[in-house]
Structure formats: structure tokens, C-alpha cells
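Chemist: So you can see what is in the structure, the chains are spelled out below.
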Amino acid sequence: MLVVALAVVLLVLCLLSIGVGALTIPPAEVVRALAGHGGGARVENVVWSVRVPRTALGLAAGAALGLSGALMQALTRNPLADPGILGISAGASFAVVVSVAVFQPGSLYGSIWFAFAGALVASVVVYVLGGLGRSGQTPVKLALAGVAVTALLTSLTSAVVLTDPDALDRYRFWSAGSLADRDGSVVLQVLPFIAAGAVLAFAVAPALNSLALGDDVAASLGRRLGLVRLAGVAAVTLLTGAAVVAIGPVVFVGLVVPHVARVLAQRAGIGPDHRWLLPLSAVLAPCLVIAADVAGRVVARPAEIQAGVLVAFIGGPFFIALVRRRRLAEV
Amino acid sequence: MSAPFPVLRTFRLAVPPVSGVLRPRLVAVCAALAAATFLVFCWGVSVGDYPIGLTGVMKALAGSGDPGTLLVVRELRLPRAAAGLLAGVAFALSGALLQTMTRNPLASPDMIGLIEGSGTAVVAGIVLGWDGGLSTQALGLLGALATALLVYLLAWRRGTTGYRIILVGIGVSWMCTSATDFLLARGGRFEAQAALGWLVGNLNGRDWAQAGPLAVAVAVLAPTALLLGRLMRTLQLGDDVATGLGTPVQRVRLTLLLTSVGLIAFATAAAGPIAFVALAAPQIAQRLAGTAWPPLVASGLTGALAVLASDLVARTLIPGLELPVGIVTGVLGAPVLLWLLIRANRAGSGG
Chain A
3 MLVVALAVVL LVLCLLSIGV GALTIPPAEV VRALAGHGGG ARVENVVWSV RVPRTALGLA
63 AGAALGLSGA LMQALTRNPL ADPGILGISA GASFAVVVSV AVFQPGSLYG SIWFAFAGAL
123 VASVVVYVLG GLGRSGQTPV KLALAGVAVT ALLTSLTSAV VLTDPDALDR YRFWSAGSLA
183 DRDGSVVLQV LPFIAAGAVL AFAVAPALNS LALGDDVAAS LGRRLGLVRL AGVAAVTLLT
243 GAAVVAIGPV VFVGLVVPHV ARVLAQRAGI GPDHRWLLPL SAVLAPCLVI AADVAGRVVA
303 RPAEIQAGVL VAFIGGPFFI ALVRRRRLAE V
Chain B
66 MSAPFPVLRT FRLAVPPVSG VLRPRLVAVC AALAAATFLV FCWGVSVGDY PIGLTGVMKA
126 LAGSGDPGTL LVVRELRLPR AAAGLLAGVA FALSGALLQT MTRNPLASPD MIGLIEGSGT
186 AVVAGIVLGW DGGLSTQALG LLGALATALL VYLLAWRRGT TGYRIILVGI GVSWMCTSAT
246 DFLLARGGRF EAQAALGWLV GNLNGRDWAQ AGPLAVAVAV LAPTALLLGR LMRTLQLGDD
306 VATGLGTPVQ RVRLTLLLTS VGLIAFATAA AGPIAFVALA APQIAQRLAG TAWPPLVASG
366 LTGALAVLAS DLVARTLIPG LELPVGIVTG VLGAPVLLWL LIRANRAGSG G
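These protein sequence lines are chains A and B, in that order. When you read off a place in the first sequence, starting at 1, and then add 2, the result is the number in my numbering. When you read off a place in the second sequence, starting at 1, and then add 65, the result is the number in my numbering.
Everything labelled a hint here was simulated from the structure, so no lab data went into it. Among the hints, erroneous ones may be present.
[Claimed, not checked] So, partial list: chain A residues that the calculated Cβ filter (under 10 Å) puts toward chain B:
| hint | residue |
| --- | --- |
| 1 | Pro81 |
| 2 | Ile87 |
| 3 | Gly132 |
| 4 | Ala147 |
| 5 | Thr152 |
| 6 | Leu155 |
| 7 | Pro167 |
| 8 | Val252 |
| 9 | Leu257 |
| 10 | His261 |
| 11 | Leu312 |
| 12 | Val313 |
| 13 | Ile322 |
Here a beta-carbon is modelled for each residue, glycine too, at the ideal position from N, C-alpha and C.
Chain A on its own, in the form it takes in the complex (with noise of 0.2 Å):
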């Protein structure tokens, strides 16, 4: 119920999304264009080629961002992890700032395999550090290497875009987090990895639920620790790092909308239930993050505020009524 009510809004979010900008278009003409007739050429062309992408994007890296917030909570038992902690977003900075110093890509998006391969070296490297010693793996040692990695990484993005004017100028435009501009195929590119980090989330969302229980209690209910870590880590790194490529290190969305979902679900009687707080989040990041991008155009036309800044002005002052509101469910 609570879902489908959500998706409406999302839904009612992503026609307003194709339909506000510099050419206005009324709603019932983007269904009209969507549909294949009517507007003429010019809205036809302005909603395929322009809106639709950039919605789509939005679609799509909120939705991975919500996913792995939710699941990085649940798998290192720690409200306050995001799903940069692993590393994911400073790799992905600092592979962007390397090859615009090193290689100079025509375009930023020359960059995004760039930023893709770091952000996926970054997570292995915290995973294998936080699994070594004889303690083996605790959700606090992977989040602590995950905070140092993290640590290291920003260090040595400071050092070089420090040195390089050019770098620099990439990489604050990039880190201050945008739909727009971006390249028509990105979100095609992007998509088989959201996708098949998906599907890895929800196959682990029942054992999330033991994993909550603590470790000694999910093994002896018969869960492989492990293999449900792994696949967790897998999960969040190739969910984080296709919407870091395309969208820029937002990562604060994933930290906060778990929060929202967990208290949404309390109210429906659901409970911490990963089964349903992993979709809840993944429908709840897309709306923050579209209805930033719309406000976005609307607030400074005709200039454009980039979404991931207008996404903590919208989701910060929600979030912290919510945190005032009521007796909050701790993870």
C-alpha cells in the first residue's frame, strides 16, 4: 500500500520532471509526446532527447543510491554509515581527478569508466582489509577501513587538484553533484550495473533481517555470514558506483532515505522488515533526488542549481522534522 503510494508521487515527480524547464510543456502534452503523438517536433524533441534522459537518470541513480544506503546500513549495523563508506565515492573522485591531471578526456564522461574502475578498486581493497586479522570480519572493522581508505583517497584528491587548476575545475562542478548536461547514453551505460546490483540487494534482504540480530545469532540461524557480507559489499559497490559516474558523489541521499523509510515502515506497522525497507528506499531516493533536479530548474531560472545541492536543502530540513518528530527506530 505504502509503496504503491509512493510510487504515484514518484510518478506525478517524473512528469513534472519532463515537463518543467526552459520550454514549459503542460501535462497533458508530455503524455501526449510520450505517448508517440502531439506537441509537434519541437516538444517531441525537447522531451526525448532532453527530459526524458535526465529524468531517467534521476530515476536510476536515486534508486541505487536509496538501495545501498539501506543495505550498507544493515550490513555493518551502523545508522551512520553511507554508502560512500566503503571507499565508493573517493575512488570514483580520485580515479575522475587522475585522469582529467593525466590523460585530459575531451569530455568529463571520457572520465566515467575512469571514475567506475576506481570506485570498484576502492570497495575490493576495503573489503579484503577489513576481512584480514585473525578476528576475521566485524561489521565495525569494515566500516573503520572504509573510513580510512576513505580518508587516504580525499587526501590525495586534495593533493592533486591542489596542483592542477584543470583538475580542479572538473572536479568541483563534478563533486557538487548534477542531472544536467549529462550525455544522453550515460544512463544506458550505467544501467546493467544498477540492475544486477538490484537484484543482488534483494536477494539478500531476508538474511539482512538476521544479519540485524547480530552475528553469532544470524550464523546459528543458519545464514553464511560471508557469503551474505559479500554479496552485500558486491551489491552496494555496483550500485554506488554506477550513480556516483552519473550523477557525482550525492552519497548523502543513500545515508538519510533509510532513515525515512525505516520510520514510514514503523508507521505502517511493518517494522524494520528489510524486504520491505530495501524497496521503500529504492522508491523514496528516486523522489528526493528528481524533486531537487526539478526545484533546481525552477528556483534560479533561468539558471540551473545542481540537484545535489538542492537535494540536502530539501531532504535536510525534512529530515530533520522527522528526527524531531517522533521516537525514532534505531537500526
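Keeping the supplied structure of chain A fixed, place chain B upon it in accordance with the hints.
Modeler: Positioned in the frame of chain A, the structure of chain B alone reads:
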């Protein structure tokens, strides 16, 4: 507890009316850290365009030696070294306080928005020119204090909980980070670079005007933190248990928060946001001392050592180029934390 102990085992000191727990390993770790910190401090003062021998440095610190050396040490080198030392202590202590209060090793001052708030204030000052005639230092201080007040007010609803403060802090820090990103993307190339140079954390060209206020703040707040340490340990058991044990929970938490905020605000204002120290130093100290919580004195010393050593590396690594200290802190601190994580051999000490 009367069995004979091997060396370095914890034992209870009970000489009525005084009693306490003595942890030889913690004491040994603190002593080693203090010695190393002093050594790196003097070494840092001795290195520069005008090299001074270690004995010369120690003599100058004691107030003797030739006037030229005295001048260089007192007016040029000492303020920078002192700013590094004090900022390290302040960052690490406030990190330890927050991590103990929230019982969460990921909680650090950059989580609850103070550092981001001061960053936004400074970047706004640099990019938009809204400095109102204030120095970067004053802007940073104002930004941090205003953010702290905002977070506390927003989290207040018939009392607060550590968890709610952290969550509200996350929301606020998120908004501040985005505002900073927006300003960086909006500003010109030159301004962006200047702002980023500050955002990384930097000790270049610090004089007594920066180190002085920080010294006063640490002198007042560090003893407060140490006094709070005892009360804080009951908070770790949960609010209800702590209340049952007679700890005034709300008052202790407010004092704790104020102490932590004060330390972080002054340290950020003087040295920029060397954020990783606040998160890593308490965790490193905890693993060195083998305790179940971040030990305050050892954390402070670890923080000081980390910042001073990083600054030394930052100045000497590439001749003729002074790297910002924040870069080196991350590069040096991360492997140490990782190594300690991997080496931890008991399940408990790994997590």
C-alpha cells in the same frame, strides 16, 4: 583480586580514602606518546630555512641561546608548532568525547556539522567576499559555534538524546557541505583554489594570533574533558542505567557537547578542518592502550603526535613546497588505523 599479576596487568589501587584503577599499559602508552610528541615537536621547530640543532632548540625553548636563534624559534617556529600540537590535542579530545557519548566509532565532529559549518562560513567569506572585515579564523569560529547552536536547538525536544543530536547534525552537515560545494562551483578558479586550500587543513604561516586563542581554549576545555571522563563512562551503559547510577544525564551530555564543540571550533579556526584526526586518533589510542573505550589522555597525545608528524612531513617531503598538513594527516593516519584494525586479535578489540 589478590592473585599475583604478570606485569602490565590492570590492578586496583585501594588506599582509603583514595581508590582507583591503574592500567600500566595505558600509562606506558601515554608516556611513550608524550616522549614521541615532545621529540617531534622539537624536531619540527629545528627544521626550516635556517636549520637549528635539536640542542639549540631545547636551549631556546628554555630561554637561553643566542638572540637570533631565540627570535626565530619564538616568533616564527614556535607558534606554528604550538598550533599543530594544540589543534591535534583538541581534535582528538573532541572526537574521543563524541565517540564515547554516542557509543559509535563513526561519530566524529565532522559528522555533526561543526566542521562543515565553519567550512561554509570560511568559503562564503572567500568566494562571495562576505567576510565583514573578519579574519578567516574568526569566520571559522563563528561558523562552527553557530552550527553547534543550531544543531542543539533543533535536537532539543524535552531533552535530547545523543542519537538525535547526531542525526540532526547529519542533516545540518549535509546542508553545509552542499552549500560549500555550490559556492566552490560558483566561485572563480582562484577563489576556489584558495577556499580548497583552507578546507584541506593548513598550518602554513601560523603566528601567535592564531595559536594564542587556541591555547586558552585548550587550557580551559581539556581539564573539563578529563573531569567529564569519569561521568562519561556511565553514559556508555545507556541513558537509563546511567540515570540509575546517579549520573545527571542531561547536564553531563550538555557539558560534554559544549566542551567538544569548543575544542573543535577553536581548533578548526586555527588550523582548518584536519578532520580525520578527530576520528582516527581516539580509535588508534584505544587500540594501542588495549582499552574498551577511547582513553582521553592517550587520544589527545596521539592527535598531537599525528598533526605534528604530518606537518613535519608536509614541510620536508618536497623541498621548496609546503603541502597542507591535512593531506599528509590522511595519508599517514589511514595506514596506521588500518594496521591496528588488522592486527587486533580479539573479536572485541576489532569492534
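Chemist: Quick one: which hint numbers does this structure break? Sort them smallest to largest.
Modeler: Violated: none.
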